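2 protein chains.
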Amino acid sequence: MEYKIGNEARCAVIGYGSWATAIVGLLTANETRVGWYVRNPEVLEGLLTEGRNPRYLSDMEFDRDRIAPSDDLDGIVREADILILATPSAYLKTFLEPLTVSLKDKFVVSAIKGIVPGDYKTIVEYIHDHYGLSYKQIGIFTGPSHAEEVSRGKLSYLTVVCTDPGNARSLGAKFATDYIHLSYSTDLYGIEYAAILKNIYALSVGIAVGLGYGDNFLAVLIANSAGEMRRFLEESYPAERDTLVSGYLGDLLVTCYSVYSRNRRLGLLIGHGCTVKSALNEMTMVAEGYFAADCIRYINARHKVDMPIADMVYKVLYEGASARKCMKELTTKLI
Amino acid sequence: MEYKIGNEARCAVIGYGSWATAIVGLLTANETRVGWYVRNPEVLEGLLTEGRNPRYLSDMEFDRDRIAPSDDLDGIVREADILILATPSAYLKTFLEPLTVSLKDKFVVSAIKGIVPGDYKTIVEYIHDHYGLSYKQIGIFTGPSHAEEVSRGKLSYLTVVCTDPGNARSLGAKFATDYIHLSYSTDLYGIEYAAILKNIYALSVGIAVGLGYGDNFLAVLIANSAGEMRRFLEESYPAERDTLVSGYLGDLLVTCYSVYSRNRRLGLLIGHGCTVKSALNEMTMVAEGYFAADCIRYINARHKVDMPIADMVYKVLYEGASARKCMKELTTKLI
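Sequences listed follow chains A and F, in order. Read in order, the letters of the first sequence are residues 1 to 335 in UniProt numbering. Read in order, the letters of the second sequence are residues 1 to 335 in UniProt numbering.
Honestly, the hints are just simulated from the structure, not real lab data. For clarity, every value in this text was computed on a predicted model and none was experimentally measured. Take the hints with a grain of salt, since some may be wrong.
Copies of the same chain look alike in the list, so a pair counts if it fits in one copy or across any two.
Said to hold, decoys possible - Listed below are the simulated DSS-like cross-link pairs for lysine-lysine, each with C-alpha atoms no more than 25 Å apart in a straight line:
#1 Lys-328 to Lys-104
#2 Lys-154 to Lys-333
#3 Lys-328 to Lys-154
#4 Lys-333 to Lys-315
#5 Lys-154 to Lys-325
#6 Lys-104 to Lys-277
#7 Lys-333 to Lys-104
#8 Lys-304 to Lys-4
#9 Lys-104 to Lys-304
#10 Lys-333 to Lys-277
#11 Lys-104 to Lys-325
#12 Lys-325 to Lys-315
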């Protein structure tokens with residue numbers, strides 16, 4: 001089905017974490033009313049009574065006239081034309097479980113960088129398959145974006161992806177503020193897989209740091225990750241794309257070099273000698289890269305792209321292989 | 001002239017800073033005797049009496065039987081077949097001034113990442129033009145390599161570049177140790193310009209940090225730098241090259257993300273509001289990127305490659321333009 005996003009299209013955000021909160025903040029600068037599905041009672045209460053999310057980015061104050069938070073998913077979806085998904089990927093299914101309203105005439109935007117665990121599908125693929133939406137009705141909102149920086153008005157570059165360039169522009173207009181630079185793309189496949197892969201690579205960086213490798217090696221590992229990402233995209237879904245821009249390499253860099261990255265933290269614990277199980281237990285929230293490593297392994301069994309870094313991460317996470325041994329073996333494959 | 005590096009070719013290093021010292025350390029693991037031109041009397045004395053460089057990497061202890069330090073440049077050159085240049089680029093001419101012996105039958109390796117100030121030439125171009133050496137007699141030794149990490153035995157990837165692959169292998173054998181991973185390349189032009197450009201990009205990162213831009217933006221700036229580097233190389237000297245490996249992107253990353261980078265530090269001072277002159281005065285050693293920005297501007301007047309980041313750095317350093325204004329203008333050109 002063709003889908004044209006109009007200026008008057010109403011937006012709703014699904015999720016209440018820091019990225020969802022930052023996105024609502026962007027939207028309220030342009031939209032008179034933003035639907036917001038918040039299933040956490042404490043967060044909902046804070047938003048309704050004080051215009052603040054007490055759990056995430058609690059410094060941000062919302063104009064309460066412009067947000068419409070609710071725990072009634074069907075109600076939120078009914079009132080919206082554009083649904084922006086911003087939950088942790090692992091919980092997307094749970095968040096959408098109560099939904100009985102059809103998504104058939106909606107435009108769905110994934111602001112999630114990850115895969116649906118267990119389904120071996122990206123968010124876009126899952127929405128397409130599970131809800132029967134055409135890829136023309138699905139978009140992505142991504143980029144190198146620590147939510148904290150976006151919420152504090154630090155200049156950030158975000159990429160809006162739709163198969164139709166006109167839709168990307170219309171959607172972009174809703175996120176536009178003077179500290180957000182918008183880039184546009186039609187590469188739904190490439191941008192989404194890049195965002196998934198970078199979490200695996202950030203995990204590998206964490207493992208290397210935990211094992212005591214230095215900055216010289218990290219730079220090589222990340223450069224080779226950029227090459228592996230490009231190779232996977234080119235071989236699995238050839239398209240005219242330049243990966244040396246914010247939506248691909250930029251996002252990879254911000255994640256790999258961030259000491260706050262959950263993926264890097266998980267890798268670090270494993271590199272320090274924790275078992276995968278105990279490292280996962282130490283994390284308050286599961287790192288996306290953990291699921292991504294399994295999913296990419298599954299998907300790449302079909303494409304057979306040479307991916308030594310993603311393979312290393314998979315072996316360490318899922319096959320109980322020694323991080324030290326696997327990393328050492330990997331070092332012989334990098335250039 | 002054809003030139004074949006033999007196994008018995010004797011090496012000498014010119015320079016006594018940390019990178020020169022780390023390189024001598026690598027060579028002594030394989031060579032029975034390494035010539036070492038040291039014009040600083042204090043360093044020479046330390047090496048001769050204690051086998052240590054008292055000024056740089058002073059923890060490293062050399063086997064005094066394997067090093068032959070001297071302040072007699074002609075003597076050093078006469079005894080060597082391969083000369084490895086590892087001085088700061090700004091002082092290369094001064095270092096080589098006393099030379100009266102011909103280099104005609106030598107193989108010269110540049111381990112310098114920079115240009116010869118005033119001549120608008122890279123080191124390789126300068127050696128070629130000034131000493132009349134064929135490009136077949138000139139090599140490069142480069143990579144993401146904090147000298148401190150190399151000297152402490154941290155795994156590092158270094159790239160040996162010679163127009164003849166056989167020579168690259170023979171040269172590489174002289175640097176080989178179990179913590180150095182050697183890559184080989186014949187892209188003399190691309191690798192050298194990449195190493196020059198990255199200093200300009202590290203300077204731009206420093207300026208951005210100084211002006212208060214955040215991690216999201218830095219990742220975009222560095223991703224676009226990688227794109228600009230690739231574009232310059234492709235358009236100015238087309239060749240089969242993959243820039244997403246250690247010798248190009250790896251080196252860019254280690255420099256841009258290192259808080260110890262002199263180039264980043266110079267940019268930081270300027271971003272903080274210092275004038276260029278006072279920022280240069282605060283530096284104990286001139287940052288290579290300062291000269292590189294001028295040189296690349298000059299060279300690119302011929303090639304006319306679109307280089308918004310290098311242009312911004314040039315304007316700030318040489319035209320007295322406001323860093324804040326130029327960076328803001330640059331942000332509209334990144335993607």
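Checked hints:
1. Lys-328 to Lys-104: neither (50 Å within a copy, 42 Å between copies)
2. Lys-154 to Lys-333: between (38 Å within a copy, 17 Å between copies)
3. Lys-328 to Lys-154: Answer is between: at 13 Å across copies they meet the 25 Å cutoff, but 39 Å inside does not.
4. Lys-333 to Lys-315: within (15 Å within a copy, 41 Å between copies)
5. Lys-154 to Lys-325: Answer is between; shortest inter-copy Cα gap is 16 Å, intra-copy 41 Å.
6. Lys-104 to Lys-277: neither (40 Å within a copy, 63 Å between copies)
7. Lys-333 to Lys-104: Intra 47 Å, inter 38 Å, cutoff 25 Å: neither.
8. Lys-304 to Lys-4: For Lys-304 and Lys-4, the Cα distance exceeds 25 Å both inside one copy (37 Å) and across copies (40 Å).
9. Lys-104 to Lys-304: neither (35 Å within a copy, 50 Å between copies)
10. Lys-333 to Lys-277: Neither: 28 Å inside a chain and 45 Å across chains, both beyond 25 Å.
11. Lys-104 to Lys-325: neither (49 Å within a copy, 47 Å between copies)
12. Lys-325 to Lys-315: Within. Shortest intra-copy distance 11 Å satisfies the 25 Å Cα cut-off; inter-copy 49 Å does not.
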